[in-house]
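Peer 1: Chain by chain, the residues run as shown.
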Amino acid sequence: MVAIAPEQGVSEAASLRVWHVTKEFASPDGGVTPGAHALDDVSLSIAAGELVSIVGPSGCGKSTLLRMLAGLTSPTSGELAIGAEPITEPSAERGLVFQDPNLFPWLTVRRNIEVGLVARGVLREKRAEVDEFMRLVGLEAFANSFPHHLSGGMAQRVSLARALINHPRVLLLDEPLGALDAFTRMRMQDEVLHLWRAHGTTMLFVTHDIDEAIYMSDRIVIMTQRPGKIEQIIPVELDRPRDRSSSDFLRLRGDILETLHFAGQPMAGNNRQSAAT
Amino acid sequence: MNSAIQEVATEASVITMARSAAGEAAFTAPPALKSRPQTLLAIPVAAAIGLAVHYFVPKSEPLYPTHFYPIFLSVMFGLGLAGALAQISFPRLRRWMRKMCPILGAVVLTAALWELATSCLELLPLPYFPGPEGVMAALASDRVLLFDSTWHSLVLLLSGYAVGTVIALITGVTIGWFPHARYWGMPLLKVVGPIPATAWIPLAMVISPSALWSAIGLVALAVWFPVTMLTASGISNTRTSYLDVARTLGAGQAYLIFRVAIPAALPNIFIGLFMGLGTSFLTLVVAETVGVKSGLGWYLSWAQGWAEYGKVYGALVIMAAFFSTIMTVLFKVRDHVLVWQKGVIKW
Numbered sequence: 044m045v046a047i048a049p050e051q052g053v054s055e056a057a058s059l060r061v062w063h064v065t066k067e068f069a070s071p072d073g074g075v076t077p078g079a080h081a082l083d084d085v086s087l088s089i090a091a092g093e094l095v096s097i098v099g100p101s102g103c104g105k106s107t108l109l110r111m112l113a114g115l116t117s118p119t120s121g122e123l124a125i126g127a128e129p130i131t132e133p134s135a136e137r138g139l140v141f142q143d144p145n146l147f148p149w150l151t152v153r154r155n156i157e158v159g160l161v162a163r164g165v166l167r168e169k170r171a172e173v174d175e176f177m178r179l180v181g182l183e184a185f186a187n188s189f190p191h192h193l194s195g196g197m198a199q200r201v202s203l204a205r206a207l208i209n210h211p212r213v214l215l216l217d218e219p220l221g222a223l224d225a226f227t228r229m230r231m232q233d234e235v236l237h238l239w240r241a242h243g244t245t246m247l248f249v250t251h252d253i254d255e256a257i258y259m260s261d262r263i264v265i266m267t268q269r270p271g272k273i274e275q276i277i278p279v280e281l282d283r284p285r286d287r288s289s290s291d292f293l294r295l296r297g298d299i300l301e302t303l304h305f306a307g308q309p310m311a312g313n314n315r316q317s318a319a320t
Numbered sequence: 008m009n010s011a012i013q014e015v016a017t018e019a020s021v022i023t024m025a026r027s028a029a030g031e032a033a034f035t036a037p038p039a040l041k042s043r044p045q046t047l048l049a050i051p052v053a054a055a056i057g058l059a060v061h062y063f064v065p066k067s068e069p070l071y072p073t074h075f076y077p078i079f080l081s082v083m084f085g086l087g088l089a090g091a092l093a094q095i096s097f098p099r100l101r102r103w104m105r106k107m108c109p110i111l112g113a114v115v116l117t118a119a120l121w122e123l124a125t126s127c128l129e130l131l132p133l134p135y136f137p138g139p140e141g142v143m144a145a146l147a148s149d150r151v152l153l154f155d156s157t158w159h160s161l162v163l164l165l166s167g168y169a170v171g172t173v174i175a176l177i178t179g180v181t182i183g184w185f186p187h188a189r190y191w192g193m194p195l196l197k198v199v200g201p202i203p204a205t206a207w208i209p210l211a212m213v214i215s216p217s218a219l220w221s222a223i224g225l226v227a228l229a230v231w232f233p234v235t236m237l238t239a240s241g242i243s244n245t246r247t248s249y250l251d252v253a254r255t256l257g258a259g260q261a262y263l264i265f266r267v268a269i270p271a272a273l274p275n276i277f278i279g280l281f282m283g284l285g286t287s288f289l290t291l292v293v294a295e296t297v298g299v300k301s302g303l304g305w306y307l308s309w310a311q312g313w314a315e316y317g318k319v320y321g322a323l324v325i326m327a328a329f330f331s332t333i334m335t336v337l338f339k340v341r342d343h344v345l346v347w348q349k350g351v352i353k354w
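Protein sequence lines correspond, in order, to chains Z and P. This note's numbering applies: residue 44 is where the first sequence begins, and numbers increase by one. This note's numbering applies: residue 8 is where the second sequence begins, and numbers increase by one.
It is possible that part of the hints are untrue.
[Said to hold, decoys possible] Which residues of chain P face chain Z? A partial, calculated answer using Cβ under 8 Å:
hint: 1; residue: Ser248
hint: 2; residue: Tyr249
hint: 3; residue: Ala253
hint: 4; residue: Arg254
hint: 5; residue: Tyr262
hint: 6; residue: Pro270
hint: 7; residue: Gly312
hint: 8; residue: Ala314
hint: 9; residue: Glu315
hint: 10; residue: Tyr316
[What the hints assert, rightly or not] Computed list of chain Z residues with no C-beta within reach of chain P, every gap over 10 Å:
hint: 11; residue: Leu115
hint: 12; residue: Ser120
hint: 13; residue: Pro133
hint: 14; residue: Asp143
hint: 15; residue: His191
hint: 16; residue: Ala206
hint: 17; residue: Leu303
[Unchecked claim] Quick list of the computed label-pair ranges, beta carbon to beta carbon:
hint: 18; chain 1: P; residue 1: Arg246; chain 2: Z; residue 2: Asp224; range: 20 to 26 Å
hint: 19; chain 1: P; residue 1: Pro194; chain 2: Z; residue 2: Leu166; range: 19 to 25 Å
hint: 20; chain 1: P; residue 1: Thr247; chain 2: Z; residue 2: Arg283; range: 35 to 41 Å
Worth flagging that the hints you see were computed from the coordinates, not collected in a lab. From the three backbone atoms N, C-alpha and C, an ideal C-beta is built for every residue, glycine too.
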């Protein structure tokens with residue numbers, strides 16, 4: 044793999060801060076329905092170069108939090124900041140990778156990876172990097188293929204390369220491996236970890252998969268739903284590379300499951316879930 | 008003869024079925040068709056039937072001094088025979104012939120039936136239904152005028168289509184992208200758009216300085232409505248996630264419009280372009296008939312005025328070739344521009 048020198052290094056500019064953020068979604072009649080808080084008074088800070096994952100049931104607002112950090116949605120109240128700058132609009136400094144790779148079907152793999160460079164008008168200077176990133180994600184052979192010829196894992200790799208070519212200070216990942224089969228997913232976890240180490244990018248990673256969260260992250264943020272709140276933040280102090288079947292790993296897994304179980308208040312939680320669907 | 012028709016018909020249907028099956032499994036090679044001599048000899052056989060009808064069935068219609076029709080039949084006979092021989096050593100020619108022979112044979116056979124019904128048996132009244140020789144003679148004698156008319160139609164059609172498309176793309180993208188433009192533009196589009204372009208002819212003749220300009224304007228209007236409508240809907244239905252991705256990659260407004268929304272809307276835009284092409288043919292012929300004193304539409308009504316129906320059919324034949332060629336060109340352009348859709352959707 045090609046080592047690409049991290050541009051920023053691990054500096055404070057790549058830290059994230061979420062300060063008393065609340066998000067309410069307007070109901071169809073224009074008012075705010077009580078209890079429709081997607082997020083309620085969420086505060087979180089992430090150090091530069093850290094890999095933090097967010098786990099929680101659907102509807103706990105984790106995707107909303109990620110979209111706010113990306114600048115695609117603004118909070119009802121509270122503040123979000125990257126380094127010292129408040130987040131008000133999307134920027135190439137904050138890459139976002141979705142569960143669906145969302146590659147542009149009308150562009151070849153190579154042109155998809157180039158999107159960030161073209162959009163920022165720097166393709167001419169940075170053309171060489173396109174090849175580096177294609178090698179980095181192992182897709183040189185597919186440079187001129189259209190996205191529908193790719194498998195799910197390959198498409199997600201293109202989408203990672205597309206986000207990373209901008210050298211974002213922060214990479215936000217919204218269940219990026221959620222649609223992949225178990226084996227591809229485990230391989231991709233290692234690839235994401237490799238990219239994280241190679242670039243020193245701060246990563247915030249939303250997932251449904253507790254094993255994935257433990258395997259990858261420095262800290263795990265556990266969220267609960269309605270209103271979306273942070274229940275607990277658990278540091279993962281296991282040595283890397285982590286062994287998915289070690290006793291420490293399994294013990295931590297048990298702790299988190301327990302937290303989620305009690306956090307949801309089983310009966311009431313079930314009722315809410317069925318009401319939501 | 009009936010059995011020959013049936014033979015050709017079954018052959019054609021077998022081939023269509025085989026082709027559609029091949030189309031469904033795009034990656035498997037087309038199944039090898041049985042090589043049957045009837046298929047490869049369809050053209051010479053049909054041409055021979057045509058020649059027999061022409062020379063041996065007594066004519067009641069006065070004979071034309073020209074011999075274009077028998078020459079045509081002889082050429083088809085010769086080419087068909089030569090092809091049937093040549094295919095033995097050229098596999099590509101064989102494949103093409105297996106595909107095309109039944110159709111072309113049917114065309115020649117239709118000409119023979121037509122001559123039988125008109126010139127020989129007088130089943131259809133003259134002068135409205137001349138025989139094939141009459142049409143071919145008309146085509147040959149008026150070739151300069153026909154060529155000129157086709158050229159005028161082409162210029163008018165292309166300029167009207169180009170003007171209409173350019174304006175439609177601008178209005179469509181504006182209405183599809185900007186909410187304010189949508190608010191004001193959409194009602195106008197919905198109310199004014201469905202009026203057929205030809206209904207504007209009285210107004211167009213008053214407003215425009217010349218008949219040519221009014222015809223170009225009418226063709227442009229005919230294209231404008233469907234293209235605008237479909238462009239606007241394509242643009243406004245761009246997947247939000249594409250736009251979100253582009254914005255997090257540093258895209259500005261121009262990139263979002265020209266590099267995300269427009270490519271995403273292109274399949275829709277092409278549907279509009281095809282619909283617009285259909286309405287523009289119609290408008291072209293009407294506008295030429297009513298206003299402009301040139302072009303195929305004018306030639307058609309002029310020939311009708313002199314009751315020269317051979318020329319009417321000749322003009323129809325030219326129109327068929329002309330319009331279908333333009334349609335084919337647009338299909339080729341689409342195949343090129345939307346090459347990324349290959350394998351995503353079935354064409």
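Peer 1: Each hint needs a verdict: does it hold in this structure or not?
Peer 2: Do the hints match the structure? See the list:
no.: 1; hint: Ser248; verdict: holds, 5 Å
no.: 2; hint: Tyr249; verdict: holds, 6 Å
no.: 3; hint: Ala253; verdict: holds, 6 Å
no.: 4; hint: Arg254; verdict: holds, 4 Å
no.: 5; hint: Tyr262; verdict: holds, 5 Å
no.: 6; hint: Pro270; verdict: holds, 4 Å
no.: 7; hint: Gly312; verdict: violated, 51 Å
no.: 8; hint: Ala314; verdict: violated, 54 Å
no.: 9; hint: Glu315; verdict: violated, 51 Å
no.: 10; hint: Tyr316; verdict: violated, 50 Å
no.: 11; hint: Leu115; verdict: violated, 5 Å
no.: 12; hint: Ser120; verdict: holds, 23 Å
no.: 13; hint: Pro133; verdict: violated, 4 Å
no.: 14; hint: Asp143; verdict: violated, 7 Å
no.: 15; hint: His191; verdict: violated, 5 Å
no.: 16; hint: Ala206; verdict: violated, 7 Å
no.: 17; hint: Leu303; verdict: holds, 28 Å
no.: 18; hint: P:Arg246 - Z:Asp224: 20 to 26 Å; verdict: holds, 25 Å
no.: 19; hint: P:Pro194 - Z:Leu166: 19 to 25 Å; verdict: violated, 41 Å
no.: 20; hint: P:Thr247 - Z:Arg283: 35 to 41 Å; verdict: holds, 37 Å
Of the numbered hints given earlier, the model fails hints 7, 8, 9, 10, 11, 13, 14, 15, 16 and 19; all others are met.
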